[in-house]
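Undergrad: Residue numbers (this note's numbering), protein chains in the order written: chain A, 1 to 185; chain B, 1 to 267.
What the hints contain is simulated information worked out from the structure, not anything from laboratory work.
Among these hints, one or two may not hold up.
Across the chosen pairs, the derived CB separations fall in these ranges [what the hints assert, rightly or not]:
no., chain 1, residue 1, chain 2, residue 2, range
1, B, R123, A, A111, 32 to 38 Å
2, B, D217, A, T34, 51 to 57 Å
3, B, A36, A, A133, 38 to 44 Å
4, A, T64, B, L62, 23 to 29 Å
5, B, D86, A, R98, 24 to 30 Å
6, B, W199, A, P106, 45 to 51 Å
7, A, E102, B, L62, 27 to 33 Å
8, B, F41, A, T64, 42 to 48 Å
9, A, K46, B, L62, 25 to 31 Å
10, B, A36, A, R92, 46 to 52 Å
As the structure is a computational prediction, the values presented were derived from the model and not from experiment.
No residue lacks a Cβ here, since even glycine has one placed at the ideal position from N, Cα and C.
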Amino acid sequence: MAMAAAAPFKVGMKEIYLPNFTVCLKHTPSQPPTSASFLVPLWFSKLDLRDYLHNVYSLAIGPTIRSYVQQSRIRQGQVKDPARPQYKRWHRPRATKRMTVELERPFVWPAEPEDFKPWNKEENKMADQEQSAMQERLGGTKDALTIPTERRVKMREQAKALLEGRERWRPGGGRGVEGIGMFGR
Amino acid sequence: MPPNMHCTQSSHLLTALLTPTRTTTSPPAFLLPAFAQTSPFSSSTPCSARKDHNRNRGVSALRHTGLGKNQRLSVRLSNLPQPVLDPLRRSVVKVDENHGLWGFFPKERTRISTPEESNMHGRAWTVQELRGKDWDDLHRLWWVCVREKNRIATTEVERKRLGGRFGMYGDHESGQRVAEVKGTMRCIKFVLTERWYAWENAREAGMEDPEVDLYADVEGGERAYLPQEEGEETLSLGSEDDARTDPTQRLPPPVESTVSSEARVRV
Numbered sequence: 001m002a003m004a005a006a007a008p009f010k011v012g013m014k015e016i017y018l019p020n021f022t023v024c025l026k027h028t029p030s031q032p033p034t035s036a037s038f039l040v041p042l043w044f045s046k047l048d049l050r051d052y053l054h055n056v057y058s059l060a061i062g063p064t065i066r067s068y069v070q071q072s073r074i075r076q077g078q079v080k081d082p083a084r085p086q087y088k089r090w091h092r093p094r095a096t097k098r099m100t101v102e103l104e105r106p107f108v109w110p111a112e113p114e115d116f117k118p119w120n121k122e123e124n125k126m127a128d129q130e131q132s133a134m135q136e137r138l139g140g141t142k143d144a145l146t147i148p149t150e151r152r153v154k155m156r157e158q159a160k161a162l163l164e165g166r167e168r169w170r171p172g173g174g175r176g177v178e179g180i181g182m183f184g185r
Numbered sequence: 001m002p003p004n005m006h007c008t009q010s011s012h013l014l015t016a017l018l019t020p021t022r023t024t025t026s027p028p029a030f031l032l033p034a035f036a037q038t039s040p041f042s043s044s045t046p047c048s049a050r051k052d053h054n055r056n057r058g059v060s061a062l063r064h065t066g067l068g069k070n071q072r073l074s075v076r077l078s079n080l081p082q083p084v085l086d087p088l089r090r091s092v093v094k095v096d097e098n099h100g101l102w103g104f105f106p107k108e109r110t111r112i113s114t115p116e117e118s119n120m121h122g123r124a125w126t127v128q129e130l131r132g133k134d135w136d137d138l139h140r141l142w143w144v145c146v147r148e149k150n151r152i153a154t155t156e157v158e159r160k161r162l163g164g165r166f167g168m169y170g171d172h173e174s175g176q177r178v179a180e181v182k183g184t185m186r187c188i189k190f191v192l193t194e195r196w197y198a199w200e201n202a203r204e205a206g207m208e209d210p211e212v213d214l215y216a217d218v219e220g221g222e223r224a225y226l227p228q229e230e231g232e233e234t235l236s237l238g239s240e241d242d243a244r245t246d247p248t249q250r251l252p253p254p255v256e257s258t259v260s261s262e263a264r265v266r267v
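Here chain A stands alone, though its shape is the one from the complex:
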């Protein structure tokens, strides 16, 4: 990796060799292409970001950087690195700091993938819907006094068929001992 050119801004005296933090680029479609937003560590300053982008990414930026700290909402759940890990503890996760930078040369994000097949997005959606439907069918955790409409309609049809003589009642509903009837081939 080539050494960065002389910085166009004033640099300090402190030399940092092996820092261990992550700076993440955010997607901001509402902002113009000459703007870029980053998720930075909470202790980061604007001067740090300017220095970081110049040295690590050779990025020329405008004079102003805007930053804000986003407070997280209180939520239940597993607390990350707690003193005493507890399931479903009310806590406020750590706040996140975002910084917006003006770029000298514009940058447009690559296009979104048209087909999400490599990431199995459709299958995930279908699986989730299937699971929620199954849970509804099972009745959920509350006392199932209501029977779903689908099942009620099917039971009405079966009863009608039995009464009219179109079908004959068989013990077990015609299924084998195993319950599915596939083993009686």
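Following the hints, put chain B in place on chain A, whose structure we already have.
TA: Relative to chain A, chain B alone:
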């Protein structure tokens, strides 16, 4: 909603409730009094923003804000440039090939890497492999790892955003990749710590050692290691065996065998 309308006005309620959402169903009976009410909740007249006839509002003489005496602006209020709101009609921005922000994207310059692409990684460097590397190489490798971690973090944030409510695959693969990168970074720090301890131990030993001169200017030609000869005042803890183990003494001559070669053959 028109600016003079309030959300509780009956005409708005009517249009909102009677617009068929799923099927044409009449509103439930408990909502019928809403249509009977013809007056708005608020009795005051709705007010809209009026023109501010004070041209010098916000202008400060002390801070020299506002236009100068003969200053003319290039833009007229009647001739303001309008933003192009339709994204399809905007001009295409040409992105520089060597833009710094490409470092946050995968090698293929796609928006996010697929789980298959994320999975195509090797193993972390081991401590034994890194022990042979010098500081410059280790430093470069550290920054390669940092950039890779940034890239993976950017991909993860974008993937979670695009996944929506049900999510997308790629979590596990990214996690494995980051684990390998972190392993490499851990090994780099391990090797550097080991080296520092070796250097520190050597320095401390050198400080106590009379034969070593830590303040010597090696580049200037001074010697840092000055082995001292043993003098008479030193206590000699010698033994009779010293002559045998003394490296400076010559080896004793080999014992000549009295038995000649002809004597060996005995028929």
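Undergrad: Taking the hints in turn, state whether each one holds.
TA: Status of each hint after checking the structure:
The supplied range of 32 to 38 Å is met by B/R123 and A/A111, whose beta-carbon atoms lie about 33 Å from each other. Remark: the range hint 51 to 57 Å for B/D217 to A/T34 is upheld by a beta-carbon distance near 55 Å. Between B/A36 and A/A133, the C-beta spacing of about 41 Å keeps the proposed range 38 to 44 Å intact. In this structure the supplied range 23 to 29 Å holds for A/T64 paired with B/L62, their Cβ-Cβ distance being about 25 Å.
In this structure the supplied range 24 to 30 Å holds for B/D86 paired with A/R98, their Cβ-Cβ distance being about 28 Å. Take B/W199 and A/P106: their Cβ atoms lie about 49 Å apart, and the range 45 to 51 Å holds. For A/E102 and B/L62, the Cβ-Cβ distance of about 30 Å falls inside the hinted range of 27 to 33 Å, so the restraint holds. For B/F41 paired with A/T64, a C-beta distance near 45 Å keeps the hint of 42 to 48 Å intact.
Remark: the range hint 25 to 31 Å for A/K46 to B/L62 is upheld by a beta-carbon distance near 29 Å. Take B/A36 and A/R92: their Cβ atoms lie about 47 Å apart, and the range 46 to 52 Å holds.
In summary, the structure agrees with every hint in the numbered list given earlier.
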